[in-house]
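Visitor: These protein sequence lines map, in sequence, to chains A and B. Take any residue in the first sequence, count from 1 to its spot, add 18: that is its number in this note's numbering. Take any residue in the second sequence, count from 1 to its spot, add 18: that is its number in this note's numbering.
Please keep in mind that the hints were generated in silico from the structure rather than gathered at the bench. Beta carbons are placed, not taken as given, at the ideal position from N, Cα and C, and that holds for glycine. Be a bit skeptical, because a hint or two may be false.
Not the full set, but computed from the structure, chain A residues with beta-carbon under 8 Å of chain B [as the list claims (entries may be wrong)]:
#1 Ile102
#2 Val214
#3 Glu215
#4 Ala334
#5 Arg338
#6 Leu373
#7 Phe375
If you want the ones that stay clear, here's a sample from chain B, every Cβ over 10 Å from chain A, calculated [claimed, not checked]:
#8 Glu96
#9 Arg122
#10 Asn134
#11 Asp151
#12 Leu202
#13 Glu273
#14 Asp339
#15 Glu342
#16 Arg352
There are 2 protein chains.
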Amino acid sequence: MTGPSRSPLRGVTVIDLGQIYNGPYAGFLLAMAGADVIKVEPLEGEPLRKRGGQNLSLALAMLNSNKRDIAINLKHPEGKALLIELTKGADILLENYAPGVLDRLGVGAAVLQAANPRLIYASGTGYGLSGPDRDNLAMDLTVQAVGGIMSINGPPDGPPMKAGLALCDFLGGVHLYAAIATALYERSVTGTGRVVEVAMQEAVYPALATNLTSLHNNGGRQPPRTGNNHPAGTSAPYNVYPAKDGHIAIICVREEHWHNLLRAIGQEESKDDPRFADQWTRAKNREAVDALVAGWTVHLPKQEAFARLQAQHVPAAPVRDLVEVTNDAHMHARGMLNWVDHPALGRVVLPHSPLRFHGETRPALNPSPELGAHTRAILMEKLGLDASAIDNLVRAGVVGEGG
Amino acid sequence: MTGPSRSPLRGVTVIDLGQIYNGPYAGFLLAMAGADVIKVEPLEGEPLRKRGGQNLSLALAMLNSNKRDIAINLKHPEGKALLIELTKGADILLENYAPGVLDRLGVGAAVLQAANPRLIYASGTGYGLSGPDRDNLAMDLTVQAVGGIMSINGPPDGPPMKAGLALCDFLGGVHLYAAIATALYERSVTGTGRVVEVAMQEAVYPALATNLTSLHNNGGRQPPRTGNNHPAGTSAPYNVYPAKDGHIAIICVREEHWHNLLRAIGQEESKDDPRFADQWTRAKNREAVDALVAGWTVHLPKQEAFARLQAQHVPAAPVRDLVEVTNDAHMHARGMLNWVDHPALGRVVLPHSPLRFHGETRPALNPSPELGAHTRAILMEKLGLDASAIDNLVRAGVVGEGG
Numbered sequence: 019m020t021g022p023s024r025s026p027l028r029g030v031t032v033i034d035l036g037q038i039y040n041g042p043y044a045g046f047l048l049a050m051a052g053a054d055v056i057k058v059e060p061l062e063g064e065p066l067r068k069r070g071g072q073n074l075s076l077a078l079a080m081l082n083s084n085k086r087d088i089a090i091n092l093k094h095p096e097g098k099a100l101l102i103e104l105t106k107g108a109d110i111l112l113e114n115y116a117p118g119v120l121d122r123l124g125v126g127a128a129v130l131q132a133a134n135p136r137l138i139y140a141s142g143t144g145y146g147l148s149g150p151d152r153d154n155l156a157m158d159l160t161v162q163a164v165g166g167i168m169s170i171n172g173p174p175d176g177p178p179m180k181a182g183l184a185l186c187d188f189l190g191g192v193h194l195y196a197a198i199a200t201a202l203y204e205r206s207v208t209g210t211g212r213v214v215e216v217a218m219q220e221a222v223y224p225a226l227a228t229n230l231t232s233l234h235n236n237g238g239r240q241p242p243r244t245g246n247n248h249p250a251g252t253s254a255p256y257n258v259y260p261a262k263d264g265h266i267a268i269i270c271v272r273e274e275h276w277h278n279l280l281r282a283i284g285q286e287e288s289k290d291d292p293r294f295a296d297q298w299t300r301a302k303n304r305e306a307v308d309a310l311v312a313g314w315t316v317h318l319p320k321q322e323a324f325a326r327l328q329a330q331h332v333p334a335a336p337v338r339d340l341v342e343v344t345n346d347a348h349m350h351a352r353g354m355l356n357w358v359d360h361p362a363l364g365r366v367v368l369p370h371s372p373l374r375f376h377g378e379t380r381p382a383l384n385p386s387p388e389l390g391a392h393t394r395a396i397l398m399e400k401l402g403l404d405a406s407a408i409d410n411l412v413r414a415g416v417v418g419e420g421g
Numbered sequence: 019m020t021g022p023s024r025s026p027l028r029g030v031t032v033i034d035l036g037q038i039y040n041g042p043y044a045g046f047l048l049a050m051a052g053a054d055v056i057k058v059e060p061l062e063g064e065p066l067r068k069r070g071g072q073n074l075s076l077a078l079a080m081l082n083s084n085k086r087d088i089a090i091n092l093k094h095p096e097g098k099a100l101l102i103e104l105t106k107g108a109d110i111l112l113e114n115y116a117p118g119v120l121d122r123l124g125v126g127a128a129v130l131q132a133a134n135p136r137l138i139y140a141s142g143t144g145y146g147l148s149g150p151d152r153d154n155l156a157m158d159l160t161v162q163a164v165g166g167i168m169s170i171n172g173p174p175d176g177p178p179m180k181a182g183l184a185l186c187d188f189l190g191g192v193h194l195y196a197a198i199a200t201a202l203y204e205r206s207v208t209g210t211g212r213v214v215e216v217a218m219q220e221a222v223y224p225a226l227a228t229n230l231t232s233l234h235n236n237g238g239r240q241p242p243r244t245g246n247n248h249p250a251g252t253s254a255p256y257n258v259y260p261a262k263d264g265h266i267a268i269i270c271v272r273e274e275h276w277h278n279l280l281r282a283i284g285q286e287e288s289k290d291d292p293r294f295a296d297q298w299t300r301a302k303n304r305e306a307v308d309a310l311v312a313g314w315t316v317h318l319p320k321q322e323a324f325a326r327l328q329a330q331h332v333p334a335a336p337v338r339d340l341v342e343v344t345n346d347a348h349m350h351a352r353g354m355l356n357w358v359d360h361p362a363l364g365r366v367v368l369p370h371s372p373l374r375f376h377g378e379t380r381p382a383l384n385p386s387p388e389l390g391a392h393t394r395a396i397l398m399e400k401l402g403l404d405a406s407a408i409d410n411l412v413r414a415g416v417v418g419e420g421g
């Protein structure tokens, strides 16, 4: 596949006020697509810098590759003025502070877009910039609770359980990127920027499609949690089965998969067992189905069971732990995962972007910057300040320098 | 906030070959941002149409609002020719078939972009279009297994557990939309389309940031699953607590939150308890912390407990079930959720898009079309066919008409 080798967002400048996961992930996707992303942090650093105590959080390194970094005190009048000047030359400002925080600081969307009508102002929040719950405190955990995720996650006999990953933050963050990219396209037509916003609570709702379908089919009453079984209880085999050295997930979508599975496990005579006649009947006799399958998987290493099922075209996958995932040969071969010598962390695996543009020579992965590492360079390059002016700003506590 | 009232993707035409969740969600986001999205289905309908047996799946209605629908037999030479003609006038073709399927049908990216170099061709798959695992069978369940999600989800004393929602499909789908919007912007600069692709396995990796950080901080050995506790075990309170009528999630990020919590629950004397001196000490004495908090929550309805904690600025949220979520006054007030009279389903709640563009008059929500509902209209409008030509195509089994 041929095509231009430039990155799609080359020439786009981003002011990234993101913190923790949500905003920074949007900024990360922008940076890896070729934008010049300037991460703006308070003089003491964004909250994620402090999470690891003395050690830099790996998460900070994962989400801030290929960004430059400037430390600005936005509570100082001169700091606000610097931010406004920087956004005048920018295409995008993104932030995930609570609603109204930047407005109260005097650097909200209205001020910034008055100075630069082409600016796209992007806000990521828990509940959005309007509505009765706007000001509820939002973290991944609370959005999982109020958004319905906990109600459908976990084993049938236990309490509601949060999903083990920060999915509200990340579903919110990638939607925020999506809104930004859309507004960039629109600006190419209209010449004008937009305020775009994404609420984490809204970003997770569509992902509940299976569960909401079960609710609907159950007459509007919520079915019990189903753990590793199908959320609607209408499919078997559909489970995580024990292997000699771990677990393997197996799912039969079509009848053909079931017949293939019986061949793989040497149980072809069960093809005519009336308990297993079709998907619906098997789902009703789930325990017998699972016993049959587990009786085979439990004697094999998960990779061996997977290989045998794959050879028969049965959808299956070994359950892998994070050590296996970070060393995944496939994702390393594709350049999604990379061994990087990070100045603060040593040799670690860091991701590139899940967005892939054929024909592009992908930007090399640059480790996340230290706090304020590019303060001086950015103020010179973008605002034309000279060394003594910058010295004065540092002394006055308006900006901070790292490195 | 003033701004143009047109939708950002007005004038953009999309051929949506998506099926089930991943592709259709990308198409849904395009439709709700104002694009003209033409859903192309096989004559028998896409797989999700058949999932509910006689009843339409609510998921199909959730993901196909505001699309038009044409049924084309892509195994018929004339069907292929029709698809190629349609894409000549389109900006985007998206699909989430397994790698190589459309190439083998003769309507892959190379053929379509040769006919229309401005076409953006978007592929959503489990593992991507390259690499050793490219052809592994991918469903949400198998990607959760192999992608590491199951390894960090579930209670500490149980097996690895899939997350209760189809998060690989949806993280994949929104990333696919993101890649498409990026390529649309790029095309406004270069004039040329791209092949863009997203692998579900790659789309979920960054969302494991907290868990990968725990792995790193634990010397590269995977820590045990933590259920409702903090994934790194470094924070308390951080849990789901029992209430009189359900559960409530509570998290204290800063010391101030802990002091506020003690005030809210009438335990201010515990402020000086050495077991609770700071976040780290509390995490070590998690059971005592949780007993103190649960001793208060268990006597209150979850909404009442939430109101009292919120009044003291403690991050908390009631754990809500899907009935509560679909009736959420906040999301209804914001127009994210809408009561819609769906022709096939009756009165149901359907989502608008999580992408919000200030100043836009959002498109009204049009219920998902029947299979082939717009076959005739689209063939007339886009390809200029007359009634008898379309009759012939229907008779020859090249296209199907619904409604």
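Visitor: Decide, hint by hint, whether the structure agrees.
Guide: Consistency of the hints with the structure:
no. : hint   : in the structure
1   : Ile102 : 18 Å, violated
2   : Val214 : 6 Å, holds
3   : Glu215 : 5 Å, holds
4   : Ala334 : 7 Å, holds
5   : Arg338 : 6 Å, holds
6   : Leu373 : 4 Å, holds
7   : Phe375 : 5 Å, holds
8   : Glu96  : 27 Å, holds
9   : Arg122 : 16 Å, holds
10  : Asn134 : 14 Å, holds
11  : Asp151 : 4 Å, violated
12  : Leu202 : 4 Å, violated
13  : Glu273 : 13 Å, holds
14  : Asp339 : 4 Å, violated
15  : Glu342 : 8 Å, violated
16  : Arg352 : 5 Å, violated
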